[in-house]
Amino acid sequence: MNRRHFIKTTALSFGLTATPQFILQAFGGEPSSKTLVFDAYRRARRAQHSLLVFVIPANPAERWHRGGALGAFITYATDAQLAPLARCEVVCATAAHIHDLVPNAPAGEPLAFLIATTAVPANVAAINATLADPNVRDENYQDYKDAIAAMDKIVMTNVASIANAFGAALGPADPTLAAGVRERLSKRDVPGARWASSTGCGVTYEHPDKADEDMGMVDCGMGFVSEKSRRFLDLLADSGT
Amino acid sequence: MQPNLATRLGPGRSIATALGLTLVLGVGLAPPPPRADTGCAPTAAIPDANAADLVGIYHSKSCTLTLDASGTYVSDCGGHHAARYTVSGDHVVLGTQRLLIAAPGRLAAADGTLFSITEGTR
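Protein sequences appear in the order of chains A and B.
Numbered according to the numbering used here, the first sequence spans residues 736 to 976.
Numbered according to the numbering used here, the second sequence spans residues 455 to 576.
Pulled out of the complex, with its shape left as it was, chain A reads as follows:
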């Protein structure tokens, strides 16, 4: 069996087939990202912060990939890389719902939008970063451990890319502020997303206020996920208002 092909196919099919089920389960009674983004704006305004919106792609495969990259950033970023987010309220929302809040925002689905809350009309800036897919590799690895190491390396390259993009947009901050960011964004669900992890044998959601729930969706033993790819943000997209 072609291992590379198998890994890629497994990861892709896992994401594509599982996502709708995630959404159905995740959105039982959850507000839409439109409500979330307006509420986040008001919180940011009260705290005299900017609003940083992680854009939820409309394409499920891209959503899966981006959720992995953003999740890895929050999980593995250094203090200096994460600290700039201390001055922001963070929320995840679709581009359509972001444009409901700020119709003057640039079109498209950048990684994020930075929205000033000091005045109306609000200044809006798109934040872009080049991300690689850890599950798509050209190298012909003979050893399983080499493949895992290569995947982890791509994950950390994405972390650095996102950190550079956010750092350029937000400016540097005192690294000691990173602890507060982790408390807010890593130990709790980011609004519009749920923390989850997978080892290639189903998905486990993290709920600070209730027991985790396990969802088995892929036959166990049929694939693997590198260590740094395991934890991800499940970006919740919906069509509601």
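Fair warning: there could be bad hints in the mix.
So the derived list for chain A, only partly shown, Cβ under 10 angstroms to chain B, looks like this [stated by the list, open to error]: (1) F773; (2) R780; (3) R781; (4) H784; (5) Y811; (6) A831; (7) H834; (8) D835; (9) V837; (10) P838; (11) N839; (12) A851; (13) T853; (14) N858; (15) I862; (16) D868.
Please keep in mind that the hints were generated in silico from the structure rather than gathered at the bench.
Please read all numbers here as calculations on a predicted model, not as lab measurements.
C-beta: ideal position from N, C-alpha, C; glycine also.
Go by the hints and put chain B onto chain A.
Using the frame of chain A, we list chain B on its own:
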């Protein structure tokens, strides 16, 4: 004696020449395409810090009013409306309508209709 132009060209070539001339003259004499009417350039909105406090999705018993962060409002109250809003004193002005800013997240219309934001998603 002048040569007969029609005879020298032949009927086929004459028709082709006539068509060609018609096209050339037609293009040349046709009135220029209408210019796109750009109208007046939109007036740049003055940044309003007070308006930032009002941004939100407001609900009354029967309809929804959204004040966005770009300074426009969308309402389905009595039909669909979308235009700019401004803040004047303790009122938010939506076209000809003025809503009293009764409290944070609460607006009151002159007919007594209350609009409020329901937060608490985080």
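How the hints compare with the structure:
no. : hint : in the structure
1   : F773 : holds, 5 angstroms
2   : R780 : holds, 5 angstroms
3   : R781 : holds, 9 angstroms
4   : H784 : violated, 12 angstroms
5   : Y811 : violated, 24 angstroms
6   : A831 : violated, 13 angstroms
7   : H834 : holds, 9 angstroms
8   : D835 : holds, 7 angstroms
9   : V837 : holds, 5 angstroms
10  : P838 : holds, 5 angstroms
11  : N839 : holds, 5 angstroms
12  : A851 : holds, 9 angstroms
13  : T853 : holds, 6 angstroms
14  : N858 : holds, 9 angstroms
15  : I862 : violated, 17 angstroms
16  : D868 : violated, 30 angstroms
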